[in-house]
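Participant: Listed here are the chains, written in short residue letters.
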Amino acid sequence: MALINCEALYPHLFTILRDWQIKRVDPSYDHQPAIIIQKTESGFQRQSKWLSKPKNFRNPVDAVCDFIVDLIHAYIADNEGMLCLHCAAVEFKQGLVIFPNTYRAGKSLFSIKLASCGGLLFSDDILPLTAQKPLGMALGILPRLRLPLPELADQTFVDFVAKREGPKNSRYLYVNLTEDEQPLFGTTSNICGITILQRDMTNKPQLVTAKKNSVLKDVILRNFARQNPALEIIDRLHSIVEGAECYSLRYSDLDQAVALVEDAFGL
Amino acid sequence: MNNKRRKNSGPNKRGIHYAKNHSIVERRIDDTVFLVNPETDTILYLNQLGTAIWHLLAEPVSIEEATITVQQAFPDVPPQEIADDVGKLFNQLSKKDFLVLYN
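Quick note, the sequences are listed as chains A and B, same order.
With my numbering, the residue at position 218 of the first sequence is 207, and numbering never jumps.
With my numbering, the residue at position 101 of the second sequence is 102, and numbering never jumps.
Hints should not be assumed to be uniformly reliable.
Stated by the list, open to error - SDA-like mimics (lysine to any residue), calculated; alpha carbons at most 25 Å apart, straight line:
{"#": "1", "chain 1": "A", "residue 1": "Lys201", "chain 2": "B", "residue 2": "Asp32"}
{"#": "2", "chain 1": "A", "residue 1": "Lys206", "chain 2": "B", "residue 2": "Leu47"}
{"#": "3", "chain 1": "A", "residue 1": "Lys122", "chain 2": "A", "residue 2": "Pro137"}
{"#": "4", "chain 1": "A", "residue 1": "Lys206", "chain 2": "B", "residue 2": "Asp42"}
{"#": "5", "chain 1": "B", "residue 1": "Lys21", "chain 2": "A", "residue 2": "Lys28"}
{"#": "6", "chain 1": "A", "residue 1": "Lys201", "chain 2": "B", "residue 2": "Arg29"}
{"#": "7", "chain 1": "A", "residue 1": "Lys201", "chain 2": "B", "residue 2": "Leu102"}
{"#": "8", "chain 1": "A", "residue 1": "Lys200", "chain 2": "B", "residue 2": "Pro61"}
{"#": "9", "chain 1": "B", "residue 1": "Lys21", "chain 2": "A", "residue 2": "Glu221"}
{"#": "10", "chain 1": "A", "residue 1": "Lys206", "chain 2": "B", "residue 2": "Thr43"}
{"#": "11", "chain 1": "B", "residue 1": "Lys89", "chain 2": "A", "residue 2": "Arg225"}
{"#": "12", "chain 1": "B", "residue 1": "Lys89", "chain 2": "A", "residue 2": "Glu221"}
{"#": "13", "chain 1": "A", "residue 1": "Lys206", "chain 2": "B", "residue 2": "Gly16"}
{"#": "14", "chain 1": "B", "residue 1": "Lys97", "chain 2": "A", "residue 2": "Pro218"}
{"#": "15", "chain 1": "B", "residue 1": "Lys97", "chain 2": "A", "residue 2": "Lys28"}
{"#": "16", "chain 1": "A", "residue 1": "Lys200", "chain 2": "B", "residue 2": "Leu45"}
Read the hints as simulated data drawn from the structure, not as lab findings.
All chains, please: the whole structure from these sequences, using the hints.
Facilitator: Below is the structure:
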């Protein structure tokens, strides 16, 4: 990637991409950059082959947040055979449990809450699956919370986050987890569970078994690494779903939700 | 009967028969059928109606024949609703080359 007059982004990049080795190369380096970010009068502009037109950002944290999307695309493109799921993932005693993205279900909040209770957070947003055996892989990118924190975040959790405050702006806060809370880049783990989150403020919290066909549909839709043949994608994702305990978690209270998941998978 | 198959441009003529594209790979998980078209790298999953139609397509079938069969199976559902759904499904399946015209 090429960063042009973007020194203001460096502290955020180095902090958020916790385990990534970022090396300066000579400008004459014989490779076309996959991503270019340059300082403009009003902020930062990014260009890449994954964008139909350049994107502009006023705020440096927003510029880095959005850049990570392209970084993941570049990483997946460079690692043939990988799949990549839009989901959060936390390791429990039995293995890795993934929480596929569903609209406003709070996967980042819930996964960071699990990390605060002893779970190992592999990801709050994106989980690559290795090419050979379909293992979930940690990317070593700090998780991000949307601000303000919702009311269901209790004081203990608010304190946990405050002690680990990373780069932030008015909309987002990165949580600077330690290596005991978030494994190093490249750490892999077998997926033992898939839980579909449903935030529901009106009904009693409940963890119920989910039908595998419905979960498979969901997981297929959350895979955005489409360079692999469709048949291979469906068969690999099917093998993951078949080998996993599948649940749907309806919750309104974070502590109750953690207790339900802990009962199922053991923290 | 002539078994010659050709690619389809759309299921809009009465009496035309359709057949499964033989390149399609099926995966059945519980009661859901997932279809994969390796030629276009497309994945499609079928709902209950889609699964029933896919079963009917074990032999070449027209939209009209499929509609009548489904209407007989679900007499409580308004016939026009079934006709619309079956037409849409054939349209979707043929547009994505999961079906071919059968002559």
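Participant: Could you run down the list of hints and mark each one as holding or not?
Facilitator: Structure-based check of each hint:
1. The straight-line distance between the Cα atoms of Lys201(A) and Asp32(B) is roughly 10 Å, inside the 25 Å bound, and the hint therefore holds.
2. Restraint check: the Cα-Cα separation between Lys206(A) and Leu47(B) comes to about 10 Å, which is no more than 25 Å; the hinted pair holds.
3. The hinted pair formed by Lys122(A) and Pro137(A) fails the criterion: a straight-line CA distance of about 39 Å is larger than 25 Å.
4. Restraint check: the Cα-Cα separation between Lys206(A) and Asp42(B) comes to about 16 Å, which is no more than 25 Å; the hinted pair holds.
5. Distance check on the hinted pair: Lys21(B) and Lys28(A) sit about 55 Å apart at the alpha-carbon level, beyond 25 Å; violated.
6. Of the supplied pair hints, the one linking Lys201(A) and Arg29(B) holds, its CA atoms being roughly 11 Å apart against a limit of 25 Å.
7. A threshold of 25 Å between alpha carbons decides the hint, and for Lys201(A) with Leu102(B) the separation of about 33 Å lies outside it, so the pair is violated.
8. A threshold of 25 Å between alpha carbons decides the hint, and for Lys200(A) with Pro61(B) the separation of about 32 Å lies outside it, so the pair is violated.
9. Only pairs whose Cα atoms come within 25 Å are accepted, and Lys21(B) paired with Glu221(A) is accepted, the gap being roughly 21 Å.
10. A C-alpha spacing of about 14 Å is found between Lys206(A) and Thr43(B), which places the hinted pair at or below 25 Å, so the restraint holds.
11. For the given pair, Lys89(B) sits about 30 Å from Arg225(A) by alpha-carbon distance, which is inconsistent with the 25 Å threshold.
12. Taking the CA atoms of Lys89(B) and Glu221(A), the gap is near 28 Å; set against the 25 Å cutoff, the hint is violated.
13. A C-alpha spacing of about 34 Å is found between Lys206(A) and Gly16(B), which places the hinted pair above 25 Å, so the restraint is violated.
14. For a cut-off of 25 Å, the pair hint linking Lys97(B) to Pro218(A) stands: about 16 Å separates their Cα positions.
15. Distance check on the hinted pair: Lys97(B) and Lys28(A) sit about 44 Å apart at the alpha-carbon level, beyond 25 Å; violated.
16. Our distance criterion of 25 Å between C-alpha atoms is met by Lys200(A) and Leu45(B), whose separation comes to about 18 Å.
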